[in-house]
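A.B. asks: Read off the chains here:
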Amino acid sequence: MTTTIEITRITILEIIRMRIFQFFAVAILVTPIIALVFSNIFIFDIGKVRIDVFAAATRLLITSYILFVAVTLMGRDIGQKSCYQFLMPPVSRHAYLTGRFAGLTFCMLMLMVVTMIAGELLIALTLAETTEIYRHGITQGQGFTLAILSFVQHISLLAMVIMICVWATGLAEMLVFSIAAIFLSWTLPPIIHALQNQEVMQHVPPLISSLTNSIGYIFPQLNGGDIAVALAHGVNINSTDILLHFTEHFSYALMMFVLALIIFSRRDL
Amino acid sequence: MQRMLWSLLLLATISYGASRMLVSDSSAILSTVVQSGPLPSVAQQIVAGPFVGMVADYNILAVFTIYDQIIYKLPESEKQHAWQQLASYLQRTSDIDPLFMDTYRLSSGLLAYSEHGAQDAIAILAKGAEARSWDWELPFLAGFIAYDSLKDSEQAFYFMEMATKRPGVPPVAIGLASRMLTQQQGVEASISFLHYLLTTMPAAYHGQIQRRIRELKESAL
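Going line by line, the protein sequences match chains A and B.
The first sequence maps to residues 2 to 270 in the numbering used here.
The second sequence maps to residues 4 to 224 in the numbering used here.
These are calculated hints, taken from the structure and not from any lab test.
Glycine included, C-beta positions come from ideal geometry on N, C-alpha and C.
Do not take every clue at face value.
Said to hold, decoys possible - Computed, partial: chain A to chain B, Cβ under 10 Å:
{"no.": "1", "residue": "Phe39"}
{"no.": "2", "residue": "Ile42"}
{"no.": "3", "residue": "Ile44"}
{"no.": "4", "residue": "Asp46"}
{"no.": "5", "residue": "Lys49"}
{"no.": "6", "residue": "Val50"}
{"no.": "7", "residue": "Val54"}
{"no.": "8", "residue": "Arg60"}
{"no.": "9", "residue": "Ile192"}
{"no.": "10", "residue": "Gly235"}
Unchecked claim - A short list of chain A residues far from chain B (calculated; beta carbon distances all over 10 Å):
{"no.": "11", "residue": "Val31"}
{"no.": "12", "residue": "Thr73"}
{"no.": "13", "residue": "Leu74"}
{"no.": "14", "residue": "Ala181"}
Stated by the list, open to error - Simulated pairs of lysine to any residue, SDA-like, Cα-Cα distance not exceeding 25 Å:
{"no.": "15", "chain 1": "B", "residue 1": "Lys130", "chain 2": "A", "residue 2": "Met202"}
{"no.": "16", "chain 1": "B", "residue 1": "Lys130", "chain 2": "A", "residue 2": "Val236"}
{"no.": "17", "chain 1": "B", "residue 1": "Lys130", "chain 2": "A", "residue 2": "Leu196"}
{"no.": "18", "chain 1": "B", "residue 1": "Lys168", "chain 2": "A", "residue 2": "Gly235"}
{"no.": "19", "chain 1": "B", "residue 1": "Lys130", "chain 2": "B", "residue 2": "Ile212"}
{"no.": "20", "chain 1": "B", "residue 1": "Lys168", "chain 2": "A", "residue 2": "Val236"}
{"no.": "21", "chain 1": "B", "residue 1": "Lys130", "chain 2": "A", "residue 2": "Val201"}
{"no.": "22", "chain 1": "B", "residue 1": "Lys130", "chain 2": "A", "residue 2": "Ile193"}
{"no.": "23", "chain 1": "B", "residue 1": "Lys130", "chain 2": "A", "residue 2": "Ala231"}
{"no.": "24", "chain 1": "B", "residue 1": "Lys130", "chain 2": "A", "residue 2": "Gln203"}
{"no.": "25", "chain 1": "B", "residue 1": "Lys130", "chain 2": "A", "residue 2": "Asn239"}
{"no.": "26", "chain 1": "B", "residue 1": "Lys130", "chain 2": "A", "residue 2": "Tyr135"}
{"no.": "27", "chain 1": "B", "residue 1": "Lys76", "chain 2": "A", "residue 2": "Asn41"}
{"no.": "28", "chain 1": "B", "residue 1": "Lys82", "chain 2": "A", "residue 2": "Ile44"}
{"no.": "29", "chain 1": "B", "residue 1": "Lys82", "chain 2": "A", "residue 2": "Ile42"}
{"no.": "30", "chain 1": "B", "residue 1": "Lys82", "chain 2": "B", "residue 2": "Ile216"}
{"no.": "31", "chain 1": "B", "residue 1": "Lys168", "chain 2": "A", "residue 2": "Gly138"}
{"no.": "32", "chain 1": "B", "residue 1": "Lys168", "chain 2": "A", "residue 2": "Glu133"}
{"no.": "33", "chain 1": "B", "residue 1": "Lys130", "chain 2": "A", "residue 2": "Ile192"}
{"no.": "34", "chain 1": "B", "residue 1": "Lys130", "chain 2": "A", "residue 2": "Ile238"}
{"no.": "35", "chain 1": "B", "residue 1": "Lys76", "chain 2": "A", "residue 2": "Ile42"}
{"no.": "36", "chain 1": "B", "residue 1": "Lys130", "chain 2": "A", "residue 2": "Gly138"}
{"no.": "37", "chain 1": "B", "residue 1": "Lys130", "chain 2": "A", "residue 2": "Ile44"}
With the rest of the complex left out, here is chain A (with noise of 0.2 Å):
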C-alpha cells in the first residue's frame, strides 16, 4: 500500500511538471473565450451553443490528455523499459500500476476541477449577459455536473487505455490501438441506436444486428452527446440515470483495470 502511494506521488509530480499538461489545464480556462466568441455567430440559443462548445472542447482536451500524457507515460515505462526504476522490491508489478492508474486518474480529476471552474464561469457570464429567451433553462451548477459526468466516462477510458498499454509491445501501437478504441466507442453507440430504428431494421439481416450491439458491449459508453446536450438545452438528468451512469462506468473502469493486473503480471517485460 505504502509503494503504490508512494508511486501515485511520484507520477503526480512527473506529471504537473509536464509543460503539455499545463499547457492542458491552460486550455481548459481559455476554452470559454472559444465559446463566447463562436456564439456570437448565432441567433437564439446562445447559452446552448456556448455549452457545445465549451463541453466538445474540453472533452477532445481530456481525451488529448489520455492519449499523449498517459499513454506516452505508459509507452515510455513499457516501450523503453524505464519501469525498471520502480520494479524491484518491495515494488510488485501490481502496486506499480495501480500506482500510475491512480497517478493518472488524480491529475485527471485536476483537469475536471479546471473544467468545473471555467464552465461555472462561462455559465455565469452567460446568466449575468443574456435575457432568459437566449439561455433557455441554463442555471449555475450545470458546469459542475457536465464535468463529474464527463469524468466519470473518462475514468472508463483510462482504465480502457491503460489495459491497451500493458498489452500492446511499443508506443506505436499503444497509441494506434488507443485511438482505434475511442474512435470505436464514439461512434458504435450511434450505430447501435440507429439500428435499433424500425426502417433500418428492414434492411440490416439479424446477425448483423445482435454482432454490432455484442460488439458494442465490449466498449463504455463514451459517447457523452446526450449528456452534453441535456444540459446545454437546461434539462435536468434524473438522479437514477446519474446512478446508472456511475455504475456503469466505475464497473467498466474496474473490469478494465483488472484485466490490466492481470495481464501486466503475466507480460514479459
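Given the structure of chain A, go ahead and fit chain B onto it with the hints provided.
C.D. replies: For chain B alone, kept in the frame of chain A given last:
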C-alpha cells in the same frame, strides 16, 4: 541554393495569394454547401460521436450560409433547390438535436415564407413541439403557418389546441388562436401575429415577414 530557395518561397507565396483571392471571388465554391446538402440524420449522428451539439450548430451555420446565397448570390433558377437544401439542414438539425430553438426560429421565420416551404416548416415545428413538450410557442407557430400559408384549418386547429393546453401560454396567443379557430379567417389576425413575429426575429431576417405583411394589407384593401 539559397537564391533558389528564396525564389521558390516567392513563387509559392504568389500562387497562394492568387489562389486565395480567386477562391474568395468564386461563387461556385461558395455554393458547394448548397449543392452537396447535409448527410442523412443517422450518418450525422455516427460522424458526430459525442459532439452532437456541435454538429447541430454546424447545420445552423450551413442554413445561414444558404440563406445568404439565396438572397445575394444565387440566380433565380437555383433558388428553389437552395430552399430545399435549407429545409433539409433544418430537418437534420431537428433530428439530431430536437431541443435546439434556433432550428424552429429559422423554420418559422424563414422556411415558412419560402415557396413550398410551409409544409416542411410545419413538419419541423411538429417535431419540435413533441420534443419541447413544455413549450407552447412551437405548436402555436405550426398552427399559425398551417392556417395562414396552407389554409388548412383542420391542421391549424390541431396545433392551436395543443398550444393552448401548454403552460405559460400568453393571452395574446390564446386570443389569436381563438379568433383563428372560431372565425377561420381574418387578415387582421394574420397581420397582428406577423408583427409579433417581427419582435422575436433579428432585423436581418425581417424581409420575408414584412413582404407577407404587405401582401396581406394589399389583399385587405
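A.B. asks: With reference to the structure, classify each hint as holding or not holding.
C.D. replies: Going down the list of hints, with the structure as the test:
1. Phe39: For Phe39(A), the interface hint holds, since the closest Cβ of chain B sits about 8 Å away, which is under 10 Å.
2. Ile42: With a closest approach of 7 Å, the Ile42(A) hint holds.
3. Ile44: Holds. Min distance 6 Å.
4. Asp46: holds, 5 Å
5. Lys49: Cβ of Lys49(A) sits 7 Å from chain B, so the hint holds.
6. Val50: Where the cut-off is 10 Å and the nearest Cβ of chain B is about 5 Å from Val50(A), the hint holds.
7. Val54: Given a least distance of 7 Å, the restraint on Val54(A) holds.
8. Arg60: holds, 6 Å
9. Ile192: With a minimum Cβ separation of about 6 Å from chain B (threshold 10 Å), the hint on Ile192(A) holds.
10. Gly235: With a minimum Cβ separation of about 9 Å from chain B (threshold 10 Å), the hint on Gly235(A) holds.
11. Val31: holds, 17 Å
12. Thr73: Holds: least Cβ distance 23 Å, greater than 10 Å.
13. Leu74: holds, 24 Å
14. Ala181: holds, 14 Å
15. Lys130(B) to Met202(A): holds, 22 Å
16. Lys130(B) to Val236(A): The given pair, whose Cα atoms are some 17 Å apart, holds under the 25 Å limit.
17. Lys130(B) to Leu196(A): holds, 21 Å
18. Lys168(B) to Gly235(A): Holds, at about 22 Å.
19. Lys130(B) to Ile212(B): OK: Lys130(B) and Ile212(B) at ~23 Å, within 25 Å.
20. Lys168(B) to Val236(A): Holds, because 21 Å separates the two Cα atoms, which is no more than 25 Å.
21. Lys130(B) to Val201(A): holds, 20 Å
22. Lys130(B) to Ile193(A): holds, 22 Å
23. Lys130(B) to Ala231(A): Status holds; Cα separation ~17 Å.
24. Lys130(B) to Gln203(A): holds, 24 Å
25. Lys130(B) to Asn239(A): holds, 23 Å
26. Lys130(B) to Tyr135(A): Given that 25 Å is the threshold and the Cα spacing comes to 21 Å, the pair holds.
27. Lys76(B) to Asn41(A): Distance of about 24 Å is within 25 Å: holds.
28. Lys82(B) to Ile44(A): Holds. Lys82(B) to Ile44(A) sits at ~23 Å (cutoff 25 Å).
29. Lys82(B) to Ile42(A): OK: Lys82(B) and Ile42(A) at ~24 Å, within 25 Å.
30. Lys82(B) to Ile216(B): Holds. Lys82(B) to Ile216(B) sits at ~22 Å (cutoff 25 Å).
31. Lys168(B) to Gly138(A): Given pair Lys168(B), Gly138(A) holds - Cα atoms ~21 Å apart, limit 25 Å.
32. Lys168(B) to Glu133(A): holds, 22 Å
33. Lys130(B) to Ile192(A): The given pair, whose Cα atoms are some 22 Å apart, holds under the 25 Å limit.
34. Lys130(B) to Ile238(A): The hint holds at about 21 Å.
35. Lys76(B) to Ile42(A): holds, 20 Å
36. Lys130(B) to Gly138(A): Answer holds: Lys130(B) to Gly138(A) is near 20 Å, not above 25 Å.
37. Lys130(B) to Ile44(A): Given that 25 Å is the threshold and the Cα spacing comes to 20 Å, the pair holds.
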